[in-house]
Amino acid sequence: MIPSRRAGRLALAVPAFGAIGLAAPAAVLAHTLNNTYQSRLPLIVYLAGAAIAVGLSFAFLLIADVRAEPPNVTAGRVPPRPLRWLLRGIGLIGWLWIVAQGIAGGNGSGDITTLFLWVYGWVGLAAVAAFVGPAWHWLDPFTTLHDLGAGVLRRLGVGSWATAEYPAGLGRWPAVAGLVFFVWLELVGNGAGPRSLFIVVVGYTAFTLAMMAQFGRDTWRANGETFSVWFGLLGRLAPFTLVGDPGSDRVARRPFASGLLLGGWRIEDLVLVGIGVASILFDGLSQTQPWFDAFGAPGVAIKTLQLAGFAGLIVVAALLVSRLVGLAATAAGLLPIAAGYLVAHYFTYVLIDGQRIVVALADPLQQGWDIGNLGWAFFEPSSAWLPPGLVWTVQLAAVVGGHMLGAWAGHVVTARTSGAARGERRHRQLEVPLAVIMVALTTLTLWSLGQALVVEAPTNASATAATFAVPATQPRSITRFSPLPLSSSTSWSATTKRG
Amino acid sequence: MSRHRHPPARAARVAATAIAALALLALPGAAAAHAELDSITPADKATVDGPPSSIVAVFTEQLDPAKSSLALVDASGAVIAKGGTVDPNQTLTLNVDAAKIAPGVYTVRWTSASADDGDLDHGTTTFTVAAAPSAPPSAMPTASSAGPSAAPSLPSIGPSPSTAPTTPASSTSDAVIPIVVALIVLAALGLWLLRGRARAGR
Chain L
1 MIPSRRAGRL ALAVPAFGAI GLAAPAAVLA HTLNNTYQSR LPLIVYLAGA
51 AIAVGLSFAF LLIADVRAEP PNVTAGRVPP RPLRWLLRGI GLIGWLWIVA
101 QGIAGGNGSG DITTLFLWVY GWVGLAAVAA FVGPAWHWLD PFTTLHDLGA
151 GVLRRLGVGS WATAEYPAGL GRWPAVAGLV FFVWLELVGN GAGPRSLFIV
201 VVGYTAFTLA MMAQFGRDTW RANGETFSVW FGLLGRLAPF TLVGDPGSDR
251 VARRPFASGL LLGGWRIEDL VLVGIGVASI LFDGLSQTQP WFDAFGAPGV
301 AIKTLQLAGF AGLIVVAALL VSRLVGLAAT AAGLLPIAAG YLVAHYFTYV
351 LIDGQRIVVA LADPLQQGWD IGNLGWAFFE PSSAWLPPGL VWTVQLAAVV
401 GGHMLGAWAG HVVTARTSGA ARGERRHRQL EVPLAVIMVA LTTLTLWSLG
451 QALVVEAPTN ASATAATFAV PATQPRSITR FSPLPLSSST SWSATTKRG
Chain Z
1001 MSRHRHPPAR AARVAATAIA ALALLALPGA AAAHAELDSI TPADKATVDG
1051 PPSSIVAVFT EQLDPAKSSL ALVDASGAVI AKGGTVDPNQ TLTLNVDAAK
1101 IAPGVYTVRW TSASADDGDL DHGTTTFTVA AAPSAPPSAM PTASSAGPSA
1151 APSLPSIGPS PSTAPTTPAS STSDAVIPIV VALIVLAALG LWLLRGRARA
1201 GR
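Residue numbers (my numbering), protein chains in the order written: chain L, 1 to 499; chain Z, 1001 to 1202.
These aren't lab readings, by the way, just hints derived from the structure by calculation.
Where a beta carbon is used, it is the ideal one built from N, C-alpha and C, also for glycine.
Check each hint, because a few of them may be wrong.
[To be verified] Which chain L residues stay away from chain Z? Per the calculated CB distances, all over 10 Å, these:
#	residue
1	V158
2	G247
3	G326
4	V439
[Unchecked claim] Coverage of chain Z stretches by chain L, computed from C-beta distances (three or more under 8 Å per stretch; other residues unrestricted):
#	stretch
5	1072-1081
6	1114-1123
Extracted from the complex, chain Z is given alone in its bound form:
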């Protein structure tokens, strides 16, 4: 290259270096770690006799106390209690005032942040407080793995046998109709184009 081609070459080098630097920075980092819900008391979808005095959630990783929390929400969406304390056993405990808890359906919203990298995870569980005045308030035994569950309003999208459709009997007309429709439209388009050509050619 002659001398006056110098500037482009330099600019290209600068650009290439910058892009290479960006590429290096963007190299895949460590996989994100989530502190997922291992178990929760009261368990998901459980019915408890009388109001619980605390919500206890155990996670699969140590938690970042600054970002992790539980919120107890009643059926109307009002937050009854929020916050919680983290202990080293990967556990988040939210004490609640039992007097505020009437019989009904409650939702627990859990937010976990991995102490490792701060990655957030969210989820909700529900439980029902039964109107059983005689029973003393008792915490349910810790249920095994409630699992990170979606809000009940969200339908599960996973393939499950119960949602498999009953396929109506196939009939040949199903296959014929679209083909006929497509052919008619094609033919119409072809005619239209050819007519336009004939007119223009005249």
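Pulled out of the complex, with its shape left as it was, chain L reads as follows:
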């Protein structure tokens, strides 16, 4: 038996290798260009390198037949009260701010709904959930509102009522439905203005509170509330985790990514992860030139069908692989990929568009104010400080690291669940489809990311410029790193000129 310490060491070593191995070339070659990374290596070299790295990590894992045991963390400590209250306060203030701005009807680049729901929430909190710990457990404004409401009702003398039993057959499917909705809203319904987003937030709050009242707060959070379920799933990676009964506040430390080895995977989890991977991949691919050439800029209905088709394909593929390799292995293999893609595609979005909080602070209700006359309302997000070479390095490391971690988790879980003895061939063959899919996904993702960022430089400059340039026919400005909806389109690679 290999101690779980080994698992943690490996879990760290694998992505670390990805980061080191790939950071080196980019660091060597980084040209701090304004909006593209002028690499002297053709994109294909990176793609081949990444594919080889992922492929070889599978080979090494199989040859060495790495084993690991899931961590056994039971003890834990409740975080200090001030921290818990701070997080709860931040979550509640964020929610109240969204409501206040929505009621006031303001709309500008300091739009707080977009900022909190998409930039800090969908992307930022997901990253925190995956790489730090269960901050959402306390940030979650729905839970705080529920607790406040319950407190008020108690004061009013309204007794508590017995909650309905949660139908076992529902599983986590309500959360899947919610994820589908939010993914659609993010990628297709992004023409929706802040007004619509505000309505969504209020509607979702009402729905969540009603379901919490119906089935119990913790039951609904564990099964139905999309953000809690999705962030909780990503939290299998995190070094800090909630332990104990549902609703417990105790947090324990464990090796990064070791939570992937724990049991308890449900088919809904795999579907959630599949949708997560598919949506990010779709977002990247649908902004590339070949995609544009093939499909143009479709309307809402067509794009909905495209997204559904693409996500359906990935989810079905994941389900098929899970028939071969097992549910736990497939889900554990895909989850780090989803986290890696999230970082690769969206970290610039948080770093750049997240700066709009400055505008929101100066004009909280978007009424044309500039509180303190500091000029903060006139702030425009800057990307000048972020070298594209670094962006490309992080993207490479995140995608390749996510896949390598996925390869490790997939292998270790397969080895454990198949019950194969060390060195036995049985489960090795099982992993081949997983390896093939991973190498393909790595290449595809990096290719889509590289389209907008990596410009081949020297010898055949004119030819590559034509290949990589975004066409004038494309009806929108290049918001490659602002793929989520924003009221104003200034972003990474767009010019500062607006409108």
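Using the hints, position chain Z against chain L.
What follows is chain Z alone, placed relative to chain L:
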């Protein structure tokens, strides 16, 4: 489905209906309309002889007077004047006390809200008041389209010929180094894993 499967089905229906309702509400609305700066006097980056008595900004749309404003800011960041009156010609005028304006560089911060949907837009322009005491205060002719410009401190991110880098001559070592590094790291990882296996297998 048998009778006792009823509750889940109903709950699922409720959930589905609620989500469908949300989806309908969230359908893309009308495109946001911005009242963008069409022209401004004094023009952006212009030098004027003597202090202007007013700042006049013309926008591409009718303005919401409650949310639209101009602010004149001196080089130290102090606000000299703020506010302005909106007239139906999509124009926002800020009268300033010329006596308060010494020679120097000034920034105009404009905030526009479309009368149509209240969408906010922001921008800044600058002008310089030259130390030319003999010249009478005169407003510059309205310049054509100052354009919504970024604050001068923000570098333009757009691809422009002047920022195109001069690419150093390519050398093969550039491509070889990373590949060698990656191979060494891979080999090291492989060895480490194999050694661990040999030890564990013993």
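(message) If I take the minimum Cβ distance from G247(L) to any residue of chain Z, is it greater than 10 Å?
(response) The claim stands: G247(L) keeps its Cβ more than 10 Å from every Cβ of chain Z (closest is about 21 Å).
(message) For the stretch 1072-1081 of chain Z, count the residues whose Cβ lies under 8 Å from any Cβ of chain L; is that count three or more?
(response) With 3 residues closer than 8 Å to chain L, the stretch 1072-1081 of chain Z meets the three-residue bar; holds.
(message) At least three residues with a C-beta closer than 8 Å to a C-beta of chain L: is that true for the stretch 1114-1123 of chain Z?
(response) Answer holds; 7 residues pass the 8 Å Cβ test.
(request) Mind verifying the non-interface call on G326(L)? Its CB should be farther than 10 Å from each CB in chain Z. (result) G326(L) clear of chain Z: closest Cβ-Cβ about 23 Å, beyond 10 Å.
(request) Run the C-beta distances from V158(L) to all of chain Z and say if the shortest one exceeds 10 Å. (result) At about 23 Å from chain Z, V158(L) clears the 10 Å cut-off, so the statement holds.
(request) Please settle this one: V439(L) was flagged as non-interface, so is its CB more than 10 Å from every CB on chain Z? (result) Label holds. Min Cβ-Cβ 15 Å, cutoff 10 Å.
In the structure shown, no violation is registered for any of the earlier numbered hints.
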